[in-house]
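Could you slot chain B onto chain A? The hints should help.
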Amino acid sequence: MSVHDFYVLSPYIAMAGAALLIILLDLALPKKGLLPYLTFAALAGPLLMSVIQVIDLGNATSLLEGSDAFASTEPSILLGVLSVDRFALFFNFLIIGSVALVALASADYMKNMARFQGEYFALILFAATGMMLLAAATELITIYVSLELTTLPMAALTVFLMNSRSSEAGIKFLIIGAVSSALMLYGMALVFGFTGSTELAVISEAVGKATGDLPFGNYALFVGIILMIAGFGFKLSAAPFQMWVPDVYEGGPTPVIGFLSVASKAAAFAIVIRVFFTGFFDVALDWGILIAGIAAASMVIGNLVAISQSNIRRLFGYSTISHAGYILVGVAAGVKSGESIFKVPEFAPIGLDSVLFYLVAYAAANLTAFFAITIISSKIKSDQISDYTGLSARNPVLAILLALSLLALIGVPPTGIFIAKLYVFTAAVDSGLVWLAILGVINSAVSAYYYVRIIRVMFIQPSRDGEKITASPAPWLALWVAGSAMVFMGIAPGFVMEAAQSAVEALPV
Amino acid sequence: MVDLVWFQLLSAILFVIGLYGVMARRSAVLIIMSIELMLNAVNINLIAAASHMEGTGKFSDFDGQLIAIFIITVAAAEVGLALAIILRMFKNRSTVNVDEINLMKW
Chain A
1 MSVHDFYVLS
11 PYIAMAGAAL
21 LIILLDLALP
31 KKGLLPYLTF
41 AALAGPLLMS
51 VIQVIDLGNA
61 TSLLEGSDAF
71 ASTEPSILLG
81 VLSVDRFALF
91 FNFLIIGSVA
101 LVALASADYM
111 KNMARFQGEY
121 FALILFAATG
131 MMLLAAATEL
141 ITIYVSLELT
151 TLPMAALTVF
161 LMNSRSSEAG
171 IKFLIIGAVS
181 SALMLYGMAL
191 VFGFTGSTEL
201 AVISEAVGKA
211 TGDLPFGNYA
221 LFVGIILMIA
231 GFGFKLSAAP
241 FQMWVPDVYE
251 GGPTPVIGFL
261 SVASKAAAFA
271 IVIRVFFTGF
281 FDVALDWGIL
291 IAGIAAASMV
301 IGNLVAISQS
311 NIRRLFGYST
321 ISHAGYILVG
331 VAAGVKSGES
341 IFKVPEFAPI
351 GLDSVLFYLV
361 AYAAANLTAF
371 FAITIISSKI
381 KSDQISDYTG
391 LSARNPVLAI
401 LLALSLLALI
411 GVPPTGIFIA
421 KLYVFTAAVD
431 SGLVWLAILG
441 VINSAVSAYY
451 YVRIIRVMFI
461 QPSRDGEKIT
471 ASPAPWLALW
481 VAGSAMVFMG
491 IAPGFVMEAA
501 QSAVEALPV
Chain B
1 MVDLVWFQLL
11 SAILFVIGLY
21 GVMARRSAVL
31 IIMSIELMLN
41 AVNINLIAAA
51 SHMEGTGKFS
61 DFDGQLIAIF
71 IITVAAAEVG
81 LALAIILRMF
91 KNRSTVNVDE
101 INLMKW
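First to last, the sequence lines map onto chains A and B.
Under the numbering used here, the first residue of the first sequence carries the number 1, and numbering increases by one thereafter.
Under the numbering used here, the first residue of the second sequence carries the number 1, and numbering increases by one thereafter.
The shape of chain A in the complex, shown without the other chains (with noise of 0.2 Å):
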């Protein structure tokens, strides 16, 4: 390895350094109420490392346009197995910036339990590891390693209440994660097969040649294509393979929920984004239907079966299956059928361009959410949507921004999420996918009714109980930032959508 492997590798050695060094000190540090600080500060390595690589991509393009060489941002690539494009680096932020969040919003909750708190902050860590290499990997076999090093630090994070549900949550996770990882283990050994290599430039190249009267042009690709959206599909907690969501979030401690549903969800969104539009982009006309199959589906069942919930936690787990839903609307829109009369599918960039930026808004509307109900669950002791009654007496700061984060998830203007939703819907009509739109236009309104549900509980029904809620300066923050960013990007979209559309654009389809 060069110098400049090692350069392109710091953010995610920095990320892993960082979760070292919590274990280490966690062994030196009497006061375990630092912790939570300490990961926050260790987080400036990882994202140090990361602005100075973009800067270098934008030095490298600015540089690159003076010439007649091609004009494109140069990836920095490592021998083929990861490609640290403006791509990765766009998740890279988000993840940081979650792991950051929830490390603030952990120092209450964390007083609660008497020891590993160190492995706490580490797991979490390690799991930001994977969930960042997951964003860069262009190759099967780093695709799965990392993988398993988001899935197996978040299964041990669920079981960290050691209670009966918190171990139910954990062993649910697990082993229905480990069935997924099999189910795609055995697509990409039937995609390894048929095309002999694990990188995903060299298996384009082949997949481009097999095009046939079948879908997917073959049977080895038709069925390993299949089994490939099985396994991701557990990740993306998307219907019909969202079976474990509402058990672990309903069992697991509420910070790693929050980490859960945001950053694991986003990275699972950029490798399917890597392997479907890098990988198998020749056959995206057959994956695109299925796609918008399972959005639908995910939508669908998310909404429907979220309005009967009775515990919060357990109701953002449907919710989440339906987030799920409307972002692959946009992955779904990305492909287009071409204008000739050989059906030839055409790339839309508009459609990841509205997934990246759905990522974000959710990203800062659901961590809201979680921080509040995090500061809510840890004074009240319940999850009961009943036990919320009256919290505007109780703490009227706290019961606006739930209120605020749970209409920005319905999709409410001015909030993120409202941006988002008008960005993947247009791209869906543009697309031809005019049925999902409308879809997902219907289910927006039918999550309304039980997001409103939980604002009535807390505004209109009288407290049984009148004594104050409150939090230290810590998970404050964490939620001020989220909640601040949530508006901030309903009003102000630009920045990210910029970043957003700089990142498609980096994307080798």
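It should be emphasised that the hints constitute simulated quantities derived from the structure, not laboratory data.
The beta-carbon is built from N, C-alpha and C at its ideal position, and this holds for glycine as well.
Take these hints with a grain of salt, some might be off.
Below, in silico cross-link-like pairs of lysine-lysine (DSS-like), each with a Cα-Cα straight-line distance of 27 Å or less [unchecked claim]:
id, chain 1, residue 1, chain 2, residue 2
1, A, 381, A, 32
2, B, 91, A, 111
3, A, 379, A, 468
4, A, 111, A, 468
5, A, 379, A, 111
6, A, 209, B, 91
7, A, 209, A, 111
8, A, 31, A, 379
9, A, 468, A, 343
10, A, 381, B, 105
11, A, 209, B, 105
12, B, 105, B, 91
Partner residues aside, some chain B positions facing chain A, computed with beta carbon under 8 Å [said to hold, decoys possible]:
id, residue
13, 5
14, 6
15, 24
16, 25
17, 29
18, 30
19, 31
20, 33
21, 39
22, 67
23, 86
24, 89
Same frame as chain A, now just chain B:
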């Protein structure tokens, strides 16, 4: 040399037996064993595909064998974690029967 199809058939059968085991078995430990069977079916498929690629011009750097080694390694980590969680569950509930692990549904 034995035809590739036979290896793929063996692998497919083993995989389906593993999948059946995951769905039909009641003990969490046996479910983990069934998952191992699924992963080993994948390994057979990969190694057979890789060794049949020799001489076809597609053969590149033992990629198939490499994935198999990675799968074995990661599977070991996965089983370690799974057994730890099962142990935790046994302490909480004194059972590892998945039919009785039903605190949360719908």
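Checked hints:
no.	hint	in the structure
1	A/381 with A/32	23 Å, holds
2	B/91 with A/111	23 Å, holds
3	A/379 with A/468	9 Å, holds
4	A/111 with A/468	19 Å, holds
5	A/379 with A/111	12 Å, holds
6	A/209 with B/91	56 Å, violated
7	A/209 with A/111	58 Å, violated
8	A/31 with A/379	23 Å, holds
9	A/468 with A/343	63 Å, violated
10	A/381 with B/105	21 Å, holds
11	A/209 with B/105	47 Å, violated
12	B/105 with B/91	21 Å, holds
13	5	11 Å, violated
14	6	14 Å, violated
15	24	13 Å, violated
16	25	11 Å, violated
17	29	11 Å, violated
18	30	11 Å, violated
19	31	6 Å, holds
20	33	11 Å, violated
21	39	5 Å, holds
22	67	5 Å, holds
23	86	7 Å, holds
24	89	4 Å, holds
The structure is inconsistent with the numbered hints 6, 7, 9, 11, 13, 14, 15, 16, 17, 18 and 20, although it conforms to all the rest.
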